[in-house]
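K.L.:
One line per chain: the protein sequences are Y and R, in this order.
The first sequence begins at 171 in the working numbering and counts up by one.
The second sequence begins at 32 in the working numbering and counts up by one.
There's no promise every hint is true.
[Said to hold, decoys possible] Part of the chain Y face toward chain R, derived, beta carbon under 10 Å:
#1 His215
#2 Leu228
#3 Lys249
#4 Gly282
#5 Ala285
#6 Ile289
#7 Ala302
#8 Asp346
#9 Cys452
#10 Lys471
#11 Ile498
[Unchecked claim] Capping the alpha-carbon separation at 20 Å, the derived lysine to aspartate or glutamate pairs in EDC-like fashion look like this:
#12 Lys249(Y) <-> Asp222(Y)
#13 Lys338(Y) <-> Glu159(R)
#14 Lys281(Y) <-> Asp222(Y)
#15 Lys262(Y) <-> Asp237(Y)
#16 Lys323(Y) <-> Glu183(R)
#17 Lys323(Y) <-> Asp178(R)
#18 Lys304(R) <-> Glu378(Y)
#19 Lys471(Y) <-> Glu159(R)
#20 Lys304(R) <-> Asp444(Y)
#21 Lys338(Y) <-> Asp77(R)
#22 Lys306(R) <-> Asp222(Y)
#23 Lys306(R) <-> Asp272(Y)
#24 Lys471(Y) <-> Glu63(R)
#25 Lys471(Y) <-> Asp90(R)
#26 Lys174(R) <-> Glu321(Y)
#27 Lys338(Y) <-> Asp129(R)
#28 Lys134(R) <-> Glu321(Y)
#29 Lys281(Y) <-> Glu93(R)
#30 Lys278(Y) <-> Glu183(R)
#31 Lys306(R) <-> Glu378(Y)
#32 Lys37(R) <-> Glu321(Y)
#33 Lys471(Y) <-> Glu93(R)
#34 Lys471(Y) <-> Asp77(R)
#35 Lys393(R) <-> Asp234(R)
#36 Lys338(Y) <-> Glu93(R)
#37 Lys471(Y) <-> Asp444(Y)
#38 Lys471(Y) <-> Glu183(R)
Read the hints as simulated data drawn from the structure, not as lab findings.
All figures in this text were calculated on a predicted structure; none of them were measured in a lab.
Cβ coordinates follow ideal geometry from the N, Cα and C atoms, glycine included.
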Amino acid sequence: MKISLLVDELKKFLSKPTNLVFMVLGPLVFTYLFGYVYSNDYLNHVPIAILDLDQSSLSRSIVDEFDHNDRYSVDYIVKDMGALETVLNDSKASLGLFIPPDFEKDIKAKKGSTAALIIDGTNVAIGNNVLATGSEILNTVNAGVSISFLEGKNVPPRLASNYAQLFKMNSRTLWDSKLSYKTYMMPGMILVLVQQLFLSIFVVNYIEDRSNLLFKALIHIAIGTITYLLCFMALKYSLNIALLGSGIVATGLVFLYLCCLVGIAITIGKVTNDRLRATQFCMMMSLPTFLTASYVWPAFKTPAAVSLFAKILWPLVYLVSPLRDYIIKGVFPVGFSATLIGLVCFGIVWLIIGLKAFNKSVEA
Amino acid sequence: MKKHLKQWMMPLILIFLIPHLINIITCYMMNEKQLMDIPMAVYVGDQTALTRQIVKSFDETETFKIVKYADSAEEVEQSMAVGESLYGLVIPQDFTKDLKRFKSPTILSLVDGTQLSSAAFTKIQGTEILLTTKIGAMINTFKAKFDLSTTEAFHVAAPISITSRILGNPTRNYVNFLMPGLIAALIQVGIVMSTASVIIPEDFDSKGFQVNFLKQLLGYTTAGTVSILLMVLVQTSIFDVPFRGGVLGLIALTFVFSGAVVSLSMMLSTVFKNKVFATQVAAVYFIPSSIVGGYTWPLVAMPAPIQKLATLMPFTYYGSFLRAWLLEGHYSTYTHSLSVCMLMILVGVITSFIAQRVMTSKIAKEAMVLEN
Numbered sequence: 171m172k173i174s175l176l177v178d179e180l181k182k183f184l185s186k187p188t189n190l191v192f193m194v195l196g197p198l199v200f201t202y203l204f205g206y207v208y209s210n211d212y213l214n215h216v217p218i219a220i221l222d223l224d225q226s227s228l229s230r231s232i233v234d235e236f237d238h239n240d241r242y243s244v245d246y247i248v249k250d251m252g253a254l255e256t257v258l259n260d261s262k263a264s265l266g267l268f269i270p271p272d273f274e275k276d277i278k279a280k281k282g283s284t285a286a287l288i289i290d291g292t293n294v295a296i297g298n299n300v301l302a303t304g305s306e307i308l309n310t311v312n313a314g315v316s317i318s319f320l321e322g323k324n325v326p327p328r329l330a331s332n333y334a335q336l337f338k339m340n341s342r343t344l345w346d347s348k349l350s351y352k353t354y355m356m357p358g359m360i361l362v363l364v365q366q367l368f369l370s371i372f373v374v375n376y377i378e379d380r381s382n383l384l385f386k387a388l389i390h391i392a393i394g395t396i397t398y399l400l401c402f403m404a405l406k407y408s409l410n411i412a413l414l415g416s417g418i419v420a421t422g423l424v425f426l427y428l429c430c431l432v433g434i435a436i437t438i439g440k441v442t443n444d445r446l447r448a449t450q451f452c453m454m455m456s457l458p459t460f461l462t463a464s465y466v467w468p469a470f471k472t473p474a475a476v477s478l479f480a481k482i483l484w485p486l487v488y489l490v491s492p493l494r495d496y497i498i499k500g501v502f503p504v505g506f507s508a509t510l511i512g513l514v515c516f517g518i519v520w521l522i523i524g525l526k527a528f529n530k531s532v533e534a
Numbered sequence: 032m033k034k035h036l037k038q039w040m041m042p043l044i045l046i047f048l049i050p051h052l053i054n055i056i057t058c059y060m061m062n063e064k065q066l067m068d069i070p071m072a073v074y075v076g077d078q079t080a081l082t083r084q085i086v087k088s089f090d091e092t093e094t095f096k097i098v099k100y101a102d103s104a105e106e107v108e109q110s111m112a113v114g115e116s117l118y119g120l121v122i123p124q125d126f127t128k129d130l131k132r133f134k135s136p137t138i139l140s141l142v143d144g145t146q147l148s149s150a151a152f153t154k155i156q157g158t159e160i161l162l163t164t165k166i167g168a169m170i171n172t173f174k175a176k177f178d179l180s181t182t183e184a185f186h187v188a189a190p191i192s193i194t195s196r197i198l199g200n201p202t203r204n205y206v207n208f209l210m211p212g213l214i215a216a217l218i219q220v221g222i223v224m225s226t227a228s229v230i231i232p233e234d235f236d237s238k239g240f241q242v243n244f245l246k247q248l249l250g251y252t253t254a255g256t257v258s259i260l261l262m263v264l265v266q267t268s269i270f271d272v273p274f275r276g277g278v279l280g281l282i283a284l285t286f287v288f289s290g291a292v293v294s295l296s297m298m299l300s301t302v303f304k305n306k307v308f309a310t311q312v313a314a315v316y317f318i319p320s321s322i323v324g325g326y327t328w329p330l331v332a333m334p335a336p337i338q339k340l341a342t343l344m345p346f347t348y349y350g351s352f353l354r355a356w357l358l359e360g361h362y363s364t365y366t367h368s369l370s371v372c373m374l375m376i377l378v379g380v381i382t383s384f385i386a387q388r389v390m391t392s393k394i395a396k397e398a399m400v401l402e403n
């Protein structure tokens, strides 16, 4: 009897092609689309502008270092500061390198000189990356100049190098050495995609037909969960994102997550009570839920009031960042079990609210 | 009156209520504006005055907050793996001894590459702190070894002083960087969700349809413009986002952007009879534009086909403009953006008018067939 109800619901689900198109193909297509958007791991060949007022062998060697670095492309050689500022202000270049007159002469005379990096900082993530690489290049040149000085003082080359590199500073970037947007965004994005399309389809189908709520929910949750697994596999095997976490464990967590969404989905169905309004509302929620989920802005800097607000109204904050950390690093973040308990509590409370709303609508 | 209120209730929620609530919440969330007190783990394998000084210089900055003193380098990595810290510093055993023997010991800094918002920043700040310590140590060495004055020793240790100037957003403020464009993108979604279902072509003759279409276009465009301007007002007056551009320039491009979104969305509403489907299609077209439009990940870094796809989205011409207009006061491709958005309005209007004519003549033909 119960199996026949489940089969009935499955038939109903499959009878509408848009269900499968939106719930399975939708997240997969967007996974590939966004993966392709972020496919250039590095921000390569950033256009830069150079103002070299020295034109010495040292200044030219610095310009060469920038030109030969994959990160940069020297697109503008300008003649004065006004032109440099114009190129930066017009966003034609993201970085400007200024080398003053008498640069080499002052350095040789042990007076020191200054090289300035001028960065378009409107995009913080890009600005930081561009500045980090620029500073690295100039620090390397600096060490080279120091070694030359010391060799000029008859210090043997190896010792000169050790003097100039009194201690070495190695930097290792863990889990994603390329600091790519793809690895940063995609693991969270697939959960949001699955969530949004699960909600949009489940709520609309629930408004259309309120029978067999349990089986209806189960069918949608199962399809959403399978879609997540497909998206996970697309990230790992097709988009080549290094993921150390287990796809099965991650998928299990997403199954739990979708279960916890059912209560809020029923409530949305009750409040909107109209397929169109429900679609409008559900589609509208993708960006707000992502923005308030402590994904872009880290949780440790989120004020407690905002965190509480997000945790009461939407469950994404419980899972999106911990799941991202788990699937990339293969280790659950500290305090994850408490977070999971929070997610389950959220799911239960909203399920009670949703079922009350459901009973009222059935009575009506 | 009640009917009008009901009709406008959902658009009011979608275009005004939700975006403005999220605007206030997220701007408040990022109220610290810069990433500070980033948790870090330290392993000090060599307890000397110098290594303690290095650790102290990290702890004294606003950028870092030491949350863990580890017993090994592996423990630092473990602390980062479980998300306890986002930056790690490993000072090896015999560091000071090796330094004094000029063996060039290595200090290792570890950056959590999964946290893009903090990774490059911690790398820059960490390098700066270590470099300052290194130059100090080099000056002392050079003074002792080569009989140089402090100034000379400094210029040998660091012949090139590196200064950096960050234009537009010098404090690396995240509210300035993210919020203007992302909330504009959210308002765009609200406009789209409200307008992708408003047109019912078969209810009108051609002239009636055109008048109704233009009325709706003007009404929703104005609503979208007012909402975006209100968002800018809140961000600039309450959350200290700078406003460096001209007011008229902002209003003009906001109005045509909003018009382009409404026009294209109403075009979908005209073409698709099923309004739920039209809304879903509009969502699929417009929602990704906050990513594809080059606001957070620049267009120049995207593959060529995506760059071409982005040219079809109104947000591509608005998101980056809005940020540049507020932070820098100018936008190099302003006229181009204005023209493209105007063109999009025209495309939406003309396509809708043609689609309505085709649809109504088809219905008339079917009616005639039925009558005969």
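K.L.:
Are the hints correct? Go through all of them and say.
P.N.:
Going through the hints against the structure:
1. His215: With Cβ-Cβ at 8 Å, under 10 Å, it holds.
2. Leu228: holds, 9 Å
3. Lys249: Violated. Min distance 19 Å.
4. Gly282: Interface hint status for glycine 282(Y): holds (4 Å vs cutoff 10 Å).
5. Ala285: holds, 5 Å
6. Ile289: With Cβ-Cβ at 5 Å, under 10 Å, it holds.
7. Ala302: holds, 5 Å
8. Asp346: holds, 3 Å
9. Cys452: Given a least distance of 9 Å, the restraint on cysteine 452(Y) holds.
10. Lys471: holds, 6 Å
11. Ile498: holds, 5 Å
12. Lys249(Y) <-> Asp222(Y): holds, 8 Å
13. Lys338(Y) <-> Glu159(R): OK: lysine 338(Y) and glutamate 159(R) at ~13 Å, within 20 Å.
14. Lys281(Y) <-> Asp222(Y): holds, 19 Å
15. Lys262(Y) <-> Asp237(Y): holds, 16 Å
16. Lys323(Y) <-> Glu183(R): Distance of about 14 Å is within 20 Å: holds.
17. Lys323(Y) <-> Asp178(R): holds, 11 Å
18. Lys304(R) <-> Glu378(Y): holds, 18 Å
19. Lys471(Y) <-> Glu159(R): Violated: lysine 471(Y) and glutamate 159(R) sit about 23 Å apart, past 20 Å.
20. Lys304(R) <-> Asp444(Y): Distance ~17 Å between lysine 304(R) and aspartate 444(Y) Cα, so the pair holds.
21. Lys338(Y) <-> Asp77(R): Given pair lysine 338(Y), aspartate 77(R) holds - Cα atoms ~16 Å apart, limit 20 Å.
22. Lys306(R) <-> Asp222(Y): Roughly 60 Å between the alpha carbons, so the hint for lysine 306(R) and aspartate 222(Y) is violated.
23. Lys306(R) <-> Asp272(Y): violated, 70 Å
24. Lys471(Y) <-> Glu63(R): Holds: lysine 471(Y) and glutamate 63(R) sit about 8 Å apart, inside 20 Å.
25. Lys471(Y) <-> Asp90(R): Satisfied, since the Cα-Cα distance of roughly 18 Å is no more than 20 Å.
26. Lys174(R) <-> Glu321(Y): holds, 16 Å
27. Lys338(Y) <-> Asp129(R): holds, 11 Å
28. Lys134(R) <-> Glu321(Y): Roughly 17 Å separates the two Cα atoms, so the pair holds.
29. Lys281(Y) <-> Glu93(R): Roughly 32 Å between the alpha carbons, so the hint for lysine 281(Y) and glutamate 93(R) is violated.
30. Lys278(Y) <-> Glu183(R): holds, 11 Å
31. Lys306(R) <-> Glu378(Y): holds, 15 Å
32. Lys37(R) <-> Glu321(Y): Given that 20 Å is the threshold and the Cα spacing comes to 83 Å, the pair is violated.
33. Lys471(Y) <-> Glu93(R): holds, 13 Å
34. Lys471(Y) <-> Asp77(R): violated, 32 Å
35. Lys393(R) <-> Asp234(R): Distance ~14 Å between lysine 393(R) and aspartate 234(R) Cα, so the pair holds.
36. Lys338(Y) <-> Glu93(R): violated, 24 Å
37. Lys471(Y) <-> Asp444(Y): Distance of about 39 Å is beyond 20 Å: violated.
38. Lys471(Y) <-> Glu183(R): violated, 43 Å
Violated hints, in rising order: 3, 19, 22, 23, 29, 32, 34, 36, 37 and 38; the structure is consistent with all others.
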